[in-house]
Amino acid sequence: MNFAFLQTPRGKLITYAILGIVLAVLPWVLTGGFENGKAWVRAVDFALLYIMLALGLNIVVGYAGLLDLGYIAFYAVGAYCYALLNSPHLQAMLPYWAHNPPFLLMLLVAAFTAGVFGLLLGTPVLKLRGDYLAIVTLGFGEIIRIFMNNLDRPINITNGPQGINNIERVHFLGIDFGRPVQWLGLTFDMVHLYYYLILAFCVLIIFVTLRLQHSRIGRAWVALREDEIAANAMGINIRNVKLLAFAMGASFGGVSGALFASFQGFVSPESFVLMESIMVLCMVVLGGMGHIPGVILGAIIVSITPEILRDVINPMQEAAFGKRVLDPENLRMLIFGLAMIAIMLVRPEGLWPSKRRAREFHEHDEEARA
Amino acid sequence: MDIFIQQLINGLIVGSIYALIALGYTMVYGIMQLINFAHGEIVMIGAMVTITCINLLLGLGVQLPGPLLLLAGLLMAIPVSMLLGFTIERVAYRPLRRAPRLAPLITAIGVSIVLQQLAMLIWGRNYRPFPAILPTVVHDFYGAAITDLQIAIFILAFLLMGGLFFLIERTKLGRAMRATSQNPDVAGLMGVNINTVISMTFVIGSALGAVAGVMVAANYDQAHAYMGFMIGLKAFTAAVLGGIGNLAGAVVGGILLGLIESLGSGYLGDLTGGFLGSHYKDIFAFVVLIAVLIFRPSGLMGERVAERA
Numbered sequence: 001m002n003f004a005f006l007q008t009p010r011g012k013l014i015t016y017a018i019l020g021i022v023l024a025v026l027p028w029v030l031t032g033g034f035e036n037g038k039a040w041v042r043a044v045d046f047a048l049l050y051i052m053l054a055l056g057l058n059i060v061v062g063y064a065g066l067l068d069l070g071y072i073a074f075y076a077v078g079a080y081c082y083a084l085l086n087s088p089h090l091q092a093m094l095p096y097w098a099h100n101p102p103f104l105l106m107l108l109v110a111a112f113t114a115g116v117f118g119l120l121l122g123t124p125v126l127k128l129r130g131d132y133l134a135i136v137t138l139g140f141g142e143i144i145r146i147f148m149n150n151l152d153r154p155i156n157i158t159n160g161p162q163g164i165n166n167i168e169r170v171h172f173l174g175i176d177f178g179r180p181v182q183w184l185g186l187t188f189d190m191v192h193l194y195y196y197l198i199l200a201f202c203v204l205i206i207f208v209t210l211r212l213q214h215s216r217i218g219r220a221w222v223a224l225r226e227d228e229i230a231a232n233a234m235g236i237n238i239r240n241v242k243l244l245a246f247a248m249g250a251s252f253g254g255v256s257g258a259l260f261a262s263f264q265g266f267v268s269p270e271s272f273v274l275m276e277s278i279m280v281l282c283m284v285v286l287g288g289m290g291h292i293p294g295v296i297l298g299a300i301i302v303s304i305t306p307e308i309l310r311d312v313i314n315p316m317q318e319a320a321f322g323k324r325v326l327d328p329e330n331l332r333m334l335i336f337g338l339a340m341i342a343i344m345l346v347r348p349e350g351l352w353p354s355k356r357r358a359r360e361f362h363e364h365d366e367e368a369r370a
Numbered sequence: 371m372d373i374f375i376q377q378l379i380n381g382l383i384v385g386s387i388y389a390l391i392a393l394g395y396t397m398v399y400g401i402m403q404l405i406n407f408a409h410g411e412i413v414m415i416g417a418m419v420t421i422t423c424i425n426l427l428l429g430l431g432v433q434l435p436g437p438l439l440l441l442a443g444l445l446m447a448i449p450v451s452m453l454l455g456f457t458i459e460r461v462a463y464r465p466l467r468r469a470p471r472l473a474p475l476i477t478a479i480g481v482s483i484v485l486q487q488l489a490m491l492i493w494g495r496n497y498r499p500f501p502a503i504l505p506t507v508v509h510d511f512y513g514a515a516i517t518d519l520q521i522a523i524f525i526l527a528f529l530l531m532g533g534l535f536f537l538i539e540r541t542k543l544g545r546a547m548r549a550t551s552q553n554p555d556v557a558g559l560m561g562v563n564i565n566t567v568i569s570m571t572f573v574i575g576s577a578l579g580a581v582a583g584v585m586v587a588a589n590y591d592q593a594h595a596y597m598g599f600m601i602g603l604k605a606f607t608a609a610v611l612g613g614i615g616n617l618a619g620a621v622v623g624g625i626l627l628g629l630i631e632s633l634g635s636g637y638l639g640d641l642t643g644g645f646l647g648s649h650y651k652d653i654f655a656f657v658v659l660i661a662v663l664i665f666r667p668s669g670l671m672g673e674r675v676a677e678r679a
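Chains as they are written, first to last, in my numbering: chain G, 1 to 370; chain V, 371 to 679.
Just chain G, with the same shape it has in the complex (with noise of 0.2 Å):
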């Protein structure tokens, strides 16, 4: 196939105006053409805050190099950050001015705060290489996770592993998110409204790492990435570099928190666990790292599988031995691991490698052979 076209501007606008019309009606042909088409709008909301979590992990990861074992923690304290000021939990001990914050400031308070954490995190592993990097990280995703599971005594502020219940939906723009309304002849649900706003904020992310992958910093990052020696040798502030990837893809693991809190409506620490944060490396390094459409479909491909494995399962059971045999959920899991190690041994370099990363491979297949 011939993708030039693609490349020229004519070609690009007709393609991001045919994927922006899928987009917008995919909602509808979910919940048009199946069964259970809330669910599955429900798990594509959900895919696209893995998109969120998945690139903001890309920048530590697929950028700078660093290997982050416990992302999820940042996710968690977004969510956690939404959920205290608008839920009746902590407001009585709250002032007034801190209940229901508007919804965008609501969000730059979880960005912030998750970059603080995103820099506590970053100052003491500055030294660290490679693996040890990856546990301290590890560690200081299950330090949070305990945390918040353990912080309803003496004082109650998460409430433990009960979570924090009856969250706020957003209200924005004049519309309660947590409501169906009526536009256009259409009754927009919850999982649809949701679904747009958060599609809104995935293409806002994915704006930015865009224009921050060629950008003066996303350079930088990738030098660090390659050679730190070398890096600071050439005039780049290895420490400020480092700090930044940090305290940046935190902050977007913290929107992605936030957003998360007000659609599930409830938070608990048994949404943070390590696997989490397992998964979110797994869509970046299945998709292929650095590379953001191969991010993108990294965390697609390992956010929904499950999913659809859910409905495949049984129905293939019954067909071959007559009844369901195997226990579907550990089953699903089961094939879902298979399919992770088949995909790695075929394409180590990802799904969708960027150009650059997959010569790196070439030159390692001459290396071999020479």
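If you're looking for bench data, these hints aren't it; they were derived computationally from the structure.
Do not take every clue at face value.
Derived DEER-like restraints, expressed as beta-carbon distance ranges [said to hold, decoys possible]:
1) V:Y637 / G:N166: 35 to 45 Å
2) V:Q403 / G:I18: 27 to 37 Å
3) G:G235 / V:M600: 42 to 52 Å
Which chain V residues face chain G? A few, computed with CB under 7 Å, are given here [said to hold, decoys possible]:
4) I405
5) L466
6) I476
7) I479
8) Q487
9) A515
10) I516
11) G533
12) D652
13) L659
Every beta carbon over 10 Å from chain V, so not counted as near; a handful from chain G, in silico [what the hints assert, rightly or not]:
14) I18
15) V25
16) L119
17) S268
18) V312
19) L326
20) G337
21) I341
22) K355
We put the CB at the ideal spot given by N, CA and C, even for glycine.
Given chain G's structure and the hints, the job is docking chain V onto it.
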């Protein structure tokens, strides 16, 4: 004072198990620079196979003394784990040996998920009690209680570690392993069959893991399909604490972690005036780790590695 000694004993027992598992991580890391995330799962499967085997023997009405039954279970579990370790390396890691570092990390996570789910399919979701075949003889040790089982675990763990050190330092295979970990390409040129060495590393590590798994199950009287994850995490933390890739470091790190955890959870409440209780136990491992790594970025016993070009 007896509480102190009791926590000290508990810490040493758990620590020696951590050390045994940490050795598996550190051996693989030393040779391949890979975090073998599936190692915790091998520990779990070792425990599960042993329990199944003992129950099977008991079901058949075999009349044997407890320790012999346990031995029979172990003799079943060790080869299973070895085979598993060998297969994992062959299928999931070997094809990616020249790939960038994160690729095998992802397959390792994939393998870990697969093994965990397989175990759930085979053994179910519930806790499996460890069969009560061992007599519980409790000794009094300066006011603290210690069982025969705990003594046995401690001694066996150290015997195995001694055996491993002998293997690494004194045998031909051990020399080949050390050479491979220093530079695989050059070791290959010197006539070392790298593939065999790496396979053997996995096989030995898995055998140690299986024994450790049985120790964990016997010590806590239960096993569970998810147990591998947390214990693996702790052991890996121990390996990093000691300086990953360094065998002695893994042992020191493991024991230290066990002690810190058990003493910490015993005294944390008193130290902070009840503000932080023993439910913060799992944090300890990580806080200590971070504190150590800030001052010694390559672990307690790790050498300062020069920046690779």
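**Message:** Flag every earlier hint the structure violates by its number, smallest first.
**Reply:** 2, 9, 10, 11, 19, 20 and 21
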